[in-house]
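With chain F's structure known, arrange chain Y on it following the hints.
Okay, here's what each chain looks like letter by letter:
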Amino acid sequence: MIAVVAQLGVSLLSILALAWLAKLLNLGGDLRIRDEDHARRLAQEAVFGFVATDIVIDRAGMGALLKDAQGRQMLLRRHGAAFVGRLLDRRLEARLDQNFLTIGTGEKTFGSITLNLGDAAQDWAAGLRHVPA
Amino acid sequence: MTIPNLPNPIDYAVPGFILLIIIEMIWAKRRAPEKYEPKDTLTSLAFGLGSTVAGLFVASGVIAVSLWAYDFRLMTIPFAWWAWILCFFIDDLAYYAFHRSAHRVRWFWASHVNHHSSQHYNLSTALRQTWTGFFAISFIFRVPLLFLGFHPAMVAFIGAVNLIYQFWIHTEAIDRFPRWFEAVMNTPSHHRVHHATNPRYLDRNYAGVFIIWDRMFGTFTQEVYEEPIRYGIVKQLGTFNLLWSVFHEWVGIAQDVWSAPWRHKLGYIWRQPGWTHDGSRETSDTIRQRWQEEQAWKISTSSSSAADPVAAQPQAG
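In order, the protein sequence lines correspond to chains F and Y. One rule links them: number in the numbering used here = place in the first sequence (from 1) + 22. One rule links them: number in the numbering used here = place in the second sequence (from 1) + 6.
Excised from the complex, chain F in its bound form (with noise of 0.2 Å):
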């Protein structure tokens, strides 16, 4: 039993270890949406058949908002080294301050998301009371 215990001691330390150098080295990097093609992009990667006609980025490019043709629209955000995307439908949750979109999907483990959206704000604010149930 002590040998079992020992063993996994020695296993957690190795993998925060791990996690650790991961983060020693820099891994991950810093990536941001660069421009609404990289946004169009990653849409289309999160859902098969979304091909964005509208598309505002969020000034520091972690995140952006995009409509479809059908009316759909789209919250991708950054997750880590990676992006995701969620159509918004009625559970979604949104703040305007000003440049300022705060977004929730009413996904608890999805979170929210703070935007800045300059001029585009208010628009797209009121963009989102038009998404489908």
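There's no promise every hint is true.
Said to hold, decoys possible - To spell it out: a stretch of chain Y is covered by chain F in this simulated footprint if at least three of its residues, at any positions, have a beta carbon under 8 Å from a beta carbon of chain F; those stretches are:
{"hint": "1", "segment": "23-35"}
{"hint": "2", "segment": "38-44"}
{"hint": "3", "segment": "50-60"}
{"hint": "4", "segment": "125-138"}
{"hint": "5", "segment": "216-228"}
What the hints assert, rightly or not - Cross-link-like lysine-lysine pairs, in silico, DSS-like; alpha carbons within 30 Å at most:
{"hint": "6", "chain 1": "Y", "residue 1": "Lys35", "chain 2": "F", "residue 2": "Lys45"}
{"hint": "7", "chain 1": "Y", "residue 1": "Lys271", "chain 2": "Y", "residue 2": "Lys241"}
{"hint": "8", "chain 1": "F", "residue 1": "Lys45", "chain 2": "Y", "residue 2": "Lys45"}
{"hint": "9", "chain 1": "Y", "residue 1": "Lys45", "chain 2": "Y", "residue 2": "Lys35"}
{"hint": "10", "chain 1": "Y", "residue 1": "Lys45", "chain 2": "Y", "residue 2": "Lys241"}
{"hint": "11", "chain 1": "F", "residue 1": "Lys130", "chain 2": "Y", "residue 2": "Lys35"}
{"hint": "12", "chain 1": "F", "residue 1": "Lys130", "chain 2": "F", "residue 2": "Lys45"}
{"hint": "13", "chain 1": "Y", "residue 1": "Lys35", "chain 2": "Y", "residue 2": "Lys304"}
{"hint": "14", "chain 1": "Y", "residue 1": "Lys241", "chain 2": "Y", "residue 2": "Lys304"}
{"hint": "15", "chain 1": "Y", "residue 1": "Lys241", "chain 2": "F", "residue 2": "Lys130"}
{"hint": "16", "chain 1": "F", "residue 1": "Lys45", "chain 2": "Y", "residue 2": "Lys241"}
{"hint": "17", "chain 1": "F", "residue 1": "Lys130", "chain 2": "Y", "residue 2": "Lys45"}
Unchecked claim - So the derived label-pair ranges between C-beta atoms look like this:
{"hint": "18", "chain 1": "Y", "residue 1": "Trp186", "chain 2": "F", "residue 2": "Gln92", "range": "46 to 52 Å"}
{"hint": "19", "chain 1": "F", "residue 1": "Asp141", "chain 2": "Y", "residue 2": "Lys304", "range": "36 to 42 Å"}
{"hint": "20", "chain 1": "Y", "residue 1": "His283", "chain 2": "F", "residue 2": "Asp141", "range": "40 to 46 Å"}
{"hint": "21", "chain 1": "Y", "residue 1": "Arg221", "chain 2": "F", "residue 2": "Gln144", "range": "54 to 60 Å"}
Hints were generated in silico from the structure; no laboratory data involved. C-beta atoms are modelled at their ideal positions from N, C-alpha and C, and glycine is treated no differently.
Just chain Y now, kept in the frame of chain F:
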């Protein structure tokens, strides 16, 4: 029959796993830092540790079931050299059956999804192992070997060797091997396809050690260089929360079964991941079908424009 006292090969392999992860991290630092992400790595490794702990809790249950099944064996297969080789092949076929089911039946997927939930593909991903395999009764796929007459100790040892083989193929640091090797063995290239979410790759390359099973049963797809691979699951988790990552699909099943009409409840357990009684979600089959239709449309429009360039151009007015 003398039963040898077999060690657990994984205990001996773990230092090698750690060393190879460090080497791959150094490779990533030089070539592609985005291939690793510290939080993702920690989550993957915590999955591995949790899986080991879960294994300790259920070990006695697995042993009991194995010995029970072995009591009903058709014959007694000795610990001979040929038996080890035979067991390895049959076990790998059993793994293929398990793995295919793990992607096509939501009950098994709820456990196996853990291994696929990283958006990265590196050696730490290999250690992203399930905590709920016993609960999902995944071990039933190895029971036929016991009924055949392979001793539980041999089956457990071979299963561990199979798992160790699968560790090193979780990497983007290796491109491709010579054709003869790629034709027979599961390789990093083949397994990258398996972890991909690109529609062309969904639910392909289920092999453990030998890729021949996929070639035989029509589930093989070759990696193509033209299309960058995206890793993870169709609906990415978007969180590093360990407990949610472990149990999210089980929670999803419970919610779906609870809210579904009575006659559809079981469908949310035994049908494909993504299946819904009202068609409101997509399965890998429907996503691939849409992708194939899109490809066919692109080919038809490009060939018609080649034959008649004017016809394919958008008409004004």
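Hints that the structure is at odds with (numbers, increasing): 5, 11 and 13
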